[in-house]
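K.L.:
As a plain string of letters, each chain reads:
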Amino acid sequence: MRYWRKRHEGLDLEAELRAGRPEPAPDFVHRLEARVRNDGRRSRAGSLRIAFVGALTAVMLLALASVGGVGYASSSAKDAAVSVKRVVTPKDVIKVLKRGPAIDQYKKPKAKKVKKAKKKGQGTRGRVRARTRPPFTG
Amino acid sequence: MLRRDPLADPAPLIKRVYAYAAYRLGDGPDAEDVTSETFERALRYRNSFDPKKGEPVAWLLGIAKRCVDGGWSKTEYATEDVDSADTTDLEEETIRRLTVSRAVSALDERDRELIALRYGADLTARQIAELLGARTNAIEVALHRALGRLRGILGADEAEAVRKPSASE
Chain W
276 MRYWRKRHEG LDLEAELRAG RPEPAPDFVH RLEARVRNDG RRSRAGSLRI
326 AFVGALTAVM LLALASVGGV GYASSSAKDA AVSVKRVVTP KDVIKVLKRG
376 PAIDQYKKPK AKKVKKAKKK GQGTRGRVRA RTRPPFTG
Chain G
69 MLRRDPLADP APLIKRVYAY AAYRLGDGPD AEDVTSETFE RALRYRNSFD
119 PKKGEPVAWL LGIAKRCVDG GWSKTEYATE DVDSADTTDL EEETIRRLTV
169 SRAVSALDER DRELIALRYG ADLTARQIAE LLGARTNAIE VALHRALGRL
219 RGILGADEAE AVRKPSASE
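In order, the protein sequences belong to chains W and G.
Using the numbering used here, read the first sequence as starting at 276 and increasing by one per residue.
Using the numbering used here, read the second sequence as starting at 69 and increasing by one per residue.
It cannot be assumed that every hint is accurate.
[To be verified] From the structure, some residues in chain W lie toward chain G, with a derived Cβ separation under 8 Å:
1) Asp287
2) Glu291
3) Leu292
4) Pro297
5) Val304
6) Leu307
7) Glu308
8) Val311
9) Arg312
10) Asp314
11) Gly315
12) Arg316
The set of hints was computed from the structure by calculation and includes no laboratory data.
Heads up, the beta-carbon is just placed ideally off N, CA and C, and yes, glycines get one too.
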């Protein structure tokens, strides 16, 4: 307690607390510092890898987009999807959705008018004439 | 956007966390254990650090505080006996440090924590207030009182030291 006896008057306790701040052993600091730095390097390498993959993807997309590859790829995908759908869907369900000239050409034929049967007792005039005339050959 | 690494420069942070732990638990292996544990947790959660919420040292001290409160605070404070024999400058320096350390150990938990944060970790009253969820004024007053109590302990030690030789005579 000699120290305090000597310097009790005008003692700056705050300065003493700062000056007497406990210090870790240098060996302990070095070990812990190395541990922290190693971990940091590992995590930085991981994030760099992710950033590299992202950048590479972006560059590839840009290169494709510049030559219209994206549109081509999307239309190919659409065609493939349509083909698959056609194969998978049962035939009786397939419907032609679009109208086109082909539909007009192959329209359903009109139903023929059915002649009414003649009533009995009208005479034999018509039938006789049909029998006597030669057939029309055009 | 690249995130700022809170542990980019670990050495000064290690020293400040250690000083905090040593003021709370005493200089030695317990303080080293708390410091190591603090940095292990910090490494595990380094991506969760938000610079908007404060400095990296405040973040680390928050972790260290939880470590100490979570179990180490029950351990006995590590102190060494101070012998006031004839001393050289180096010895006087050592004795001074040990005397301060012993006086800090005699403080209650709350005062010791404030002293550790202010003079060990070198945080400002405002940073301590943010860390402890209190008002800056309240922290300043509490620190002033803690220093007063510390002075009282040192004074009592001095009186006892004066009494001892006279009793032995």
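K.L.:
Confirm or reject each hint.
P.N.:
Here is what the structure says about each hint:
1. Because the beta carbon of Asp287 of chain W sits about 11 Å from the nearest beta carbon in chain G, more than 8 Å, this interface hint is broken.
2. Taken as an interface hint, Glu291 of chain W checks out: its beta carbon lies about 6 Å from the nearest beta carbon of chain G, inside 8 Å.
3. Hint status for Leu292 of chain W: holds, given a least beta-carbon distance of 4 Å to chain G, under 8 Å.
4. Evaluation of the Pro297 of chain W hint against chain G yields a held restraint, the C-beta minimum of about 3 Å falling below 8 Å.
5. At about 5 Å, the closest approach between the beta carbon of Val304 of chain W and any beta carbon in chain G falls short of 8 Å, and the interface hint on this residue holds.
6. The interface hint given for Leu307 of chain W holds, since its Cβ lies 5 Å from the closest Cβ of chain G, which is under the 8 Å cut-off.
7. Taking 8 Å as the C-beta cut-off, the interface hint given for Glu308 of chain W holds, the closest approach to chain G being about 5 Å.
8. For Val311 of chain W, the shortest C-beta to C-beta distance to chain G is roughly 4 Å, which falls under 8 Å, so the interface hint holds.
9. Taken as an interface hint, Arg312 of chain W checks out: its beta carbon lies about 7 Å from the nearest beta carbon of chain G, inside 8 Å.
10. At about 5 Å, the closest approach between the beta carbon of Asp314 of chain W and any beta carbon in chain G falls short of 8 Å, and the interface hint on this residue holds.
11. At a threshold of 8 Å, the smallest CB-CB gap from Gly315 of chain W to chain G is about 6 Å, leaving the interface hint in force.
12. Hint on Arg316 of chain W is violated. Least Cβ distance to chain G is approximately 11 Å, over the 8 Å limit.
Hints 1, 12 from the list above are not met by this structure, while the remaining hints are.
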